[in-house]
Amino acid sequence: MRDVSFDADGATVQATLDDGAARRWRARFVVDASGRDTFIANKLRCKEKNPAHNSSALFGHYTGARRLPGVKEGNISIMWFAHGWFWFIPLADGTTSVGAVCWPYYLKQRDKPLKDFFDDTIALCPELADRLKDATLVGGDVHATGNFSYCATHCSGERYLLLGDAFTFIDPMFSSGVYLAMHSAFDGAEVVATCLDRPAEAAAARRRFEATMRKGPREYSWFIFRVTNPTIREMFMYPANPLRVKEALLSLLAGDIYGKTPIWPSLWAMKGIYYLISLRSLRRTIGGWRRHRRNIQDMGPLRGENILEAQ
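Residue numbers (this note's numbering): 1 to 311.
Everything labelled a hint here was simulated from the structure, so no lab data went into it.
Where is the CB? At the ideal position from N, CA and C, for every residue including glycine.
All clues given are correct.
So the derived label-pair ranges between C-beta atoms look like this:
hint : residue 1 : residue 2 : range
1    : M79       : A203      : 40 to 50 Å
2    : T12       : E73       : 47 to 57 Å
3    : A200      : G70       : 53 to 63 Å
4    : H154      : A8        : 18 to 28 Å
5    : W25       : L243      : 48 to 58 Å
6    : Q109      : I277      : 29 to 39 Å
7    : G74       : K43       : 36 to 46 Å
8    : K49       : F186      : 22 to 32 Å
9    : H53       : A189      : 22 to 32 Å
10   : D120      : P51       : 26 to 36 Å
11   : K72       : A200      : 46 to 56 Å
12   : N42       : T212      : 19 to 29 Å
13   : I286      : G140      : 38 to 48 Å
14   : E127      : W222      : 22 to 32 Å
Start from the sequences and build out the full structure, keeping to the hints where you can.
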């Protein structure tokens, strides 16, 4: 894709194919599913970094990583360490995606090649180090990215929609991106049909779409922004299950946020418990808030090899 321009009747889309041939199309409506390339958001200059979630990431793919046993083999694992958290995602081809989401200060302090720095980071988490002790890094490549959390100011226009990561990306913590993208595609298809077939209803359809597109990221963000908070950690590890909050949380993480499953009373109760504990441990809460404010400070662009700097 090279360019898209809009007018009263639709849009003109220009692209270059893999063989170098140029193509030009007219479209009545454009759907941007370009993912983190955020084609239309970049063109319209409506993409904004999320200052409340300024994280960096290191990641690579491994063969021979030790997965969970039995039917849990394909489950994703999340592990905390001193400067953030790790993901461990088994893939269908036998490789495993491993990454560290960390505060900007941690990645900026590296003074060695990226692979060596990643090895040292993995060593900070004994469980992950044990799972990878017999594993091989595919291609020997480790990559890094700076602040990857962003959101466009809007996800619809008179002749276009932004779907999935083309609109917003928060964090890989709960692997919610694919689900949210698929859900946005179903909702987006209905909006396109409405705009083309019943233009008098287009404005209302777009307003509903905007609200729906923000609901999922908002619900996940509440947990993502607090996952390194000691109070939330204690609650996640708490063995009891008052008001069936564990089932509600699992439903949320499984993507059941747009259906009719009655998860919200339990989730509201969980948030209420969190705020009560935070008030009871006010000194720790304030200290954690101050550390978080320091940790998310922008440390400037990353430098070095294999840096995938966010646009």
